[in-house]
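Q: Given chain A, put chain B in place with the hints provided.
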Amino acid sequence: MPTAPAGTLYRGREGMWSWVAHRVTGVLIFFFLLVHVLDTALVRVSPEAYDAVIGLYKTPVVGLGEVGLVAAVAFHAFNGIRVALVDFWSQGARYQRVMLWVVLGLFVVTMAGFLPRHLMNVFGGH
Amino acid sequence: MSAQTTIPTPRSPYARRKTTRGNFELYSWVFMRASGVLLLVLVFGHLFVNLMVGDGIKAIDFAFVGGKWASPFWQTWDLLMLWLAMIHGTNGVRTVINDYAERDVTRGVLKGLLLLAFTFTVVLGTLVIFTFDPCPADAPAELLASFCTA
Chain A
1 MPTAPAGTLY RGREGMWSWV AHRVTGVLIF FFLLVHVLDT ALVRVSPEAY DAVIGLYKTP
61 VVGLGEVGLV AAVAFHAFNG IRVALVDFWS QGARYQRVML WVVLGLFVVT MAGFLPRHLM
121 NVFGGH
Chain B
1 MSAQTTIPTP RSPYARRKTT RGNFELYSWV FMRASGVLLL VLVFGHLFVN LMVGDGIKAI
61 DFAFVGGKWA SPFWQTWDLL MLWLAMIHGT NGVRTVINDY AERDVTRGVL KGLLLLAFTF
121 TVVLGTLVIF TFDPCPADAP AELLASFCTA
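Residue numbers (my numbering), protein chains in the order written: chain A, 1 to 126; chain B, 1 to 150.
Chain B with its partners taken away, still in its complex shape:
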């Protein structure tokens, strides 16, 4: 009967457009979950050692901190906890700001303040952990860890 006619392709086939915006939000989503699991261990460990063991909160003073940070183990623990918690928390607050601050200017200002608080806190905390002297020379011995006088 009728000859087979070839139907021309109506349009170019579908091609997924390559995103130009990067995958920042994907990485941030993954980071929240990965850091969250680590933080559960780090923070519960921190709370247990500082609030549950011995006299808990009543035992915390300069000598207690000196005793802890004399060990590279707790220095590493606290440094990791500081960085992960600050990035996790800052990213969480960033999400909250994006959700509720509708005006561009408000959002920009709030996120600027957030970045400032993040940078200041992380730099300060990191410097404190690494430059801390558990036995300052001019301090009364009874306020220091026992190994200072031994």
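Just chain A, with the same shape it has in the complex:
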């Protein structure tokens, strides 16, 4: 029988949700990393094998998956700096909420730079 947790430490709002998003994106990136090392390892099999599998990355469906992946990386990277600042900067805890909005701002700017370029590469005529 699973036991019900006694009370909860979850407090909602920016602090909790950024932590949830950090976990989810982190685990996602980790599993992609395992796959990505495997597909890159095909260069040791043959040029044909590598080109065949990397061809999948150029399809529209996987191309959109890459958008999700880059989004996950961008959020995890910027929010990771926020986490480090909360830990090491004397005013970090006080400004954690403001810093999350800065993180989201940087995220939007990064994606605005990446999206048009990548979507043109994936969907543009080549």
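One or more of the hints may lead you astray.
In silico DSS-like pairs for lysine-lysine, Cα to Cα no more than 30 angstroms straight-line [what the hints assert, rightly or not]: (1) B:18 - B:111; (2) B:58 - B:68; (3) A:58 - B:18; (4) A:58 - B:111.
Hints are computed from structural coordinates only; laboratory data are not their basis. Because the structure is a prediction, the values reported are computed rather than measured.
A: Chain B in isolation, oriented as in the chain A frame:
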């Protein structure tokens, strides 16, 4: 009036007990932050060169990888990125397992699998970077980097 009486020390003074468990969790916490900052540079650099420059994802093939790993700079870059990302990611997933897997056996099995995946991926990736031949003799020339035929 009354003579000064000396009060005996009630008990031995407080002494901080020396921890016997080592500082592994402290080092792991520091590592996550230090490697995180390095990974931000390494991964954004990787994404920029592979997805933003030129034709991005459409330009990636065996010849592209051959061209990159012909240079010790990108070999070092990718090796560092592989090791840091794998240790950072494995340690992160270890934390997640510790948080949610309540039964000892479940936790042990999951962390065993994690260690297996870590070892396999790091060994494989490292071998690939160091044993890679950009110009395999039996491969068609049009699939290889231009310097193979030059």
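Q: Holds or violated: are the alpha carbons of residue 58 of chain B and residue 68 of chain B at most 30 angstroms from each other?
A: 16 angstroms, holds
Q: Does the alpha-carbon distance linking residue 58 of chain A and residue 18 of chain B stay inside the 30 angstroms limit?
A: 57 angstroms, violated
Q: Check the hint pairing residue 18 of chain B with residue 111 of chain B against an upper bound of 30 angstroms on the C-alpha distance.
A: 28 angstroms, holds
Q: Holds or violated: residue 58 of chain A with residue 111 of chain B, Cα cutoff 30 angstroms?
A: 34 angstroms, violated
When each numbered hint is compared with the structure, violations occur for hints 3 and 4.
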